[in-house]
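Line order of the protein sequences matches chains A and B. Using the numbering used here, the letters of the first sequence map in sequence onto residues 52 to 160. Using the numbering used here, the letters of the second sequence map in sequence onto residues 7 to 321.
Read the hints as simulated data drawn from the structure, not as lab findings. Predicted model only: the values in this text are computed from it and were never measured. Among the hints, a few may not be true.
[Said to hold, decoys possible] From the structure, some residues in chain B lie toward chain A, with a derived Cβ separation under 7 Å: (1) Lys62; (2) Tyr120; (3) Glu212; (4) Tyr238; (5) Ser239; (6) Ser300.
Virtual Cβ for every residue (Gly too), placed ideally from N, Cα, C.
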Amino acid sequence: MAVQVRVPTILRTYTGGAKLVEGTGDTLAALFLDLDARYSGLRGRLVTGDDGAELHRFVNIYINDEDVRFLGGLDAKLAQGDEVTILPAVAGGALDTPIPSRAADRRRN
Amino acid sequence: MRFDSLADSVGRTALVGLPRLSPSPEVRLWAKLEQHNPTGSIKDRAALWMIADGEKRGLLTPGATVLEPTSGNTGISLAMVCRQKGYRLVCVMPENTSVERRQLLQMWGAEIRYSPAAGGSNEAVAVAKRLAAENPDWVMLYQYGNPANAQAHYETTGPEILEDLPGITHFVAGLGTTGTLMGTGRYLKEHVPGITIVAAEPRYGELVYGLRNIDEGFVPELYDPSVLTSRYSVGPREALRRTRELVQEEGIFAGISTGAILHAALGQAERAVREGKRADIALIVADGGWKYLSTGAYAGTLEEAEAALEGQLWA
């Protein structure tokens with residue numbers, strides 16, 4: 052049950068800088084355990100609670116673009132070839148402001 | 007139609023069919039044209055309700071100063087209402103906001119305070135909260151947590167849609183402050199058993215998610231996931247493609263977030279066709295495309311337009 056997982060910038064310290072990693076598991080919970088075996092500490096940033104039973108409040112996870120919180124959360128089922136996207140929850144919607152580009156950062160430095 | 011003032015003309019927007027984008031006579035899409043509100047976006051409803059609520063609760067009195075972290079549609083709507091009511095409006099926006107935004111807000115009489123560009127929207131919210139603490143007599147309406155934002159849609163958007171489309175099976179809207187979905191969604195769920203409420207959430211370029219720490223994340227206080235049936239993340243490529251289809255097929259010139267909403271709505275339509283079910287799907291056109299022309303969204307190839315949007319909050 053191999054799936055592709057998109058990792059946000061903020062969590063790439065756990066994946067050696069990799070943006071896209073592969074993992075296996077029938078459910079999201081199983082996938083996280085599989086990933087943690089190779090990318091130690093990653094799971095700890097995605098789940099909370101005593102036994103990691105809940106998704107972190109500020110982490111959104113999507114299976115083929117659908118929010119897993121509406122698919123059973125950590126029990127959400129995975130199928131071969133699924134795409135899993137991890138994103139931090141940010142304020143959007145009201146501020147349509149360009150975020151400073153890397154070029155602008157370079158000019159400032 | 008005659009109204010006592012511009013603010014009184016907010017709402018009662020048209021619901022129009024999308025005959026060319028609807029897959030069949032049994033599965034139909036309907037667009038609620040919120041760009042027909044006085045300042046050109048759905049935010050007029052929330053602005054009007056938040057100001058009226060502040061007055062009702064005695065927070066807003068003549069000569070009051072209203073504060074809000076926004077450079078977007080909410081700022082423009084608040085500026086229009088504040089001008090009419092005689093309130094001073096201070097908007098906090100990141101210093102790298104486009105010149106059109108600044109000019110629009112200043113034209114309506116809003117004052118602008120800048121937050122550091124590097125912090126994005128989270129930093130604008132933080133600066134506004136600091137300004138509110140320093141100026142206890144200012145009133146921050148705070149659209150992300152103000153129940154009057156959702157209430158506007160519970161009292162207007164929801165009933166309007168149900169009146170125009172009694173057979174509604176699906177409602178699809180964008181997820182930002184969550185006010186539209188929470189208010190409209192609650193109203194429709196109370197009146198239409200089994201209705202499907204779908205959120206289309208814009209997925210921005212990586213730079214927008216550049217938090218230093220996951221714990222700096224943000225979920226609007228208004229958000230109640232139990233109102234929703236499902237929530238989809240829509241990337242810039244799909245949003246742009248659908249925004250262009252909407253103007254090419256149906257003649258509706260909408261902003262980019264509407265493309266994301268249309269994408270999610272078409273997904274629901276395809277599912278209904280597959281399952282052989284009848285569907286009347288209402289979707290929100292949040293604003294027109296004018297304010298996004300300078301982003302390059304409507305010119306060149308999709309690849310070029312997508313590259314131009316990288317790093318921008320396009321909804």
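Cut-off 7 Å, beta-carbon criterion: hint that Ser300 (chain B) touches chain A: violated (10 Å)
Interface hint status, Tyr238 (chain B) versus chain A (Cβ within 7 Å): holds (5 Å)
Hint check: 7 Å Cβ-Cβ cutoff, Lys62 (chain B) to chain A: This hint is violated: Lys62 (chain B) lies away from chain A, its Cβ roughly 23 Å from the closest one there, beyond 7 Å.
Less than 7 Å between beta-carbons is the criterion; does Glu212 (chain B) satisfy it with respect to chain A? Holds: closest Cβ of chain A sits about 6 Å from Glu212 (chain B), inside 7 Å.
Mind checking the CB of Ser239 (chain B) against every CB in chain A and telling me if the closest is under 7 Å? holds (5 Å)
Status of the Tyr120 (chain B) interface restraint (C-beta, 7 Å, chain A): With a minimum Cβ separation of about 11 Å from chain A (threshold 7 Å), the hint on Tyr120 (chain B) is violated.
The structure fails to meet hints 1, 2 and 6 from the earlier list, while all remaining hints are met.
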